[in-house]
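Peer 1: Start from the sequences, fold in the hints, and give me the full structure.
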Amino acid sequence: MLIREHVSGHGQASGKALMLAVVKAQPGPPFHPIRDVMLTLNGPSACLEVTPTNAVGFHGFRRLATSPYTVTPTKPGCEFDPPEQMLNLTRRAALVRFTGACW
Numbered sequence: 001m002l003i004r005e006h007v008s009g010h011g012q013a014s015g016k017a018l019m020l021a022v023v024k025a026q027p028g029p030p031f032h033p034i035r036d037v038m039l040t041l042n043g044p045s046a047c048l049e050v051t052p053t054n055a056v057g058f059h060g061f062r063r064l065a066t067s068p069y070t071v072t073p074t075k076p077g078c079e080f081d082p083p084e085q086m087l088n089l090t091r092r093a094a095l096v097r098f099t100g101a102c103w
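Be aware that the sequence shown starts at 1, since it is given in our numbering, and climbs by one per residue.
Honestly, the hints are just simulated from the structure, not real lab data. Using N, Cα and C, we set each Cβ at its ideal position, and we do this for glycine too.
Label-pair restraints from in silico Cβ distances:
#, residue 1, residue 2, range
1, Gly77, Ala55, 10 to 20 angstroms
2, Lys16, Pro76, 33 to 43 angstroms
3, Thr66, Ala101, 30 to 40 angstroms
Peer 2: Below you can see the structure in the form of structure tokens.
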């Protein structure tokens with residue numbers, strides 16, 4: 001599932017900022033990514049994107065306006081810490097990290 005609705009004046013993503021999200025399994029090192037975690041990005045002006053992490057537990061949200069956003073990871077059979085992250089994107093790039101436990 002991939003949903004992209006960045007709504008601005010013309011229904012397009014309006015910015016140039018980048019938010020990187022990475023999801024790894026507990027415990028820490030070595031790095032064990034969790035693939036196919038659905039990341040939901042909610043932002044200003046009805047901006048919504050739902051997309052999975054790749055094989056290395058990564059996804060980059062591109063063309064974002066500098067504004068507040070919330071990122072929420074979900075995957076059946078998994079719990080994440082934190083369960084969501086709120087970030088006021090004020091720079092050209094930001095990183096959000098989640099740790100997951102799956103059974």
